[in-house]
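Novice: Position chain B against the provided structure of chain A, taking the given hints into account.
2 protein chains.
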Amino acid sequence: MNHGPTVLVSARSDGVDNVMAAAWAGVLDFGDAPKVTVVLDKSTRTRELIEASGRFALQLPCAAQAELTVAVGSHSAHDMPNKLDYLGVTTFTVPEHDVPLVQGCVAWLICRLLPEPHNQQTYDLFIGQVEAAWADERVFSQGRWHFDTAPDELRTIHHVAGGQFIVAGATVQG
Amino acid sequence: MNHGPTVLVSARSDGVDNVMAAAWAGVLDFGDAPKVTVVLDKSTRTRELIEASGRFALQLPCAAQAELTVAVGSHSAHDMPNKLDYLGVTTFTVPEHDVPLVQGCVAWLICRLLPEPHNQQTYDLFIGQVEAAWADERVFSQGRWHFDTAPDELRTIHHVAGGQFIVAGATVQG
Chain A
29 MNHGPTVLVS ARSDGVDNVM AAAWAGVLDF GDAPKVTVVL DKSTRTRELI EASGRFALQL
89 PCAAQAELTV AVGSHSAHDM PNKLDYLGVT TFTVPEHDVP LVQGCVAWLI CRLLPEPHNQ
149 QTYDLFIGQV EAAWADERVF SQGRWHFDTA PDELRTIHHV AGGQFIVAGA TVQG
Chain B
29 MNHGPTVLVS ARSDGVDNVM AAAWAGVLDF GDAPKVTVVL DKSTRTRELI EASGRFALQL
89 PCAAQAELTV AVGSHSAHDM PNKLDYLGVT TFTVPEHDVP LVQGCVAWLI CRLLPEPHNQ
149 QTYDLFIGQV EAAWADERVF SQGRWHFDTA PDELRTIHHV AGGQFIVAGA TVQG
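Residue numbers (the working numbering), protein chains in the order written: chain A, 29 to 202; chain B, 29 to 202.
Isolated chain A, as found in the complex:
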């Protein structure tokens, strides 16, 4: 089951940035008010930043970033205070959204936390309202992924176990 796309989760609070990896993210709604879910362990620094700021971003890393994804998922800023610098994670921001975004990903979603204390405490489940979203047009355009016509290193990665990923494969019609 757990081979949906791996996401990088980023947040900023009081000038502190962090990025973590999460294997369990999903979509709740793609209508007028798109929403996403992500499971964030209580031990993570990024979760603390999200609870403090009420904002986060989800982004989809690609095959070229498999090593970086494992690195940000294996080290906590609790133990490595300069984690992003140390791991060489380059971030950027876009106007009107004060949340760090990871360069080199293929899709980004900026979200406002919809506070649901019961879900957060009981299930480590966070729900976000998507406020802005865009993707690398080489792999996503007109509402569809186009991995077949893009460089292989831009394919999304889906964590299996122990740093092993399955990449998004060929397209079939049902």
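Any given hint could turn out to be false.
Partial list, derived from the structure: chain B residues whose beta carbon lies under 8 angstroms from chain A [said to hold, decoys possible]:
1. LEU56
2. GLY59
3. ILE194
4. VAL200
Bear in mind the hints are in silico, worked out from the structure with no lab data behind them. Here a beta-carbon is modelled for each residue, glycine too, at the ideal position from N, C-alpha and C.
Specialist: Then chain B, alone, in the frame of chain A:
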């Protein structure tokens, strides 16, 4: 974001069986008490059966079942009372779990609904405790997927749009 594996959701209540497709399913926890999430639209017959019985199964269809997956996702038992027969969906059950399971899938999870009325009403989000789970050993063993060494038609399928799916691709190490 929405290219996690497509799941088939099945349920039984008062002798009535149904199966639907869902693109938005995920994992909440893989520890001692594994839990899953699935988004179920209020219009679906399967949701009614789950609310009545408190049980459901999630299963992962494979590339060979892309057409069947589109079919069960496109027709409602509200409009097609004999839906499973009409679409040629073959189900089976296993001892001690009174829920229909779809033949030909590559993984099955039998779940007990953890009632969360707020999530169900507000987000169409259902949470299940996994009570039994198993997979086709040709594609999943020892905690990992092995699509590279199995027939291509056993790869899981990830819905993109309009009946188009991405299949699980090659394996890379991070």
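Novice: All hints, please: hold or fail.
Specialist: Right, here's what the structure says about each hint:
no.: 1; hint: LEU56; result: 5 angstroms, holds
no.: 2; hint: GLY59; result: 11 angstroms, violated
no.: 3; hint: ILE194; result: 5 angstroms, holds
no.: 4; hint: VAL200; result: 5 angstroms, holds
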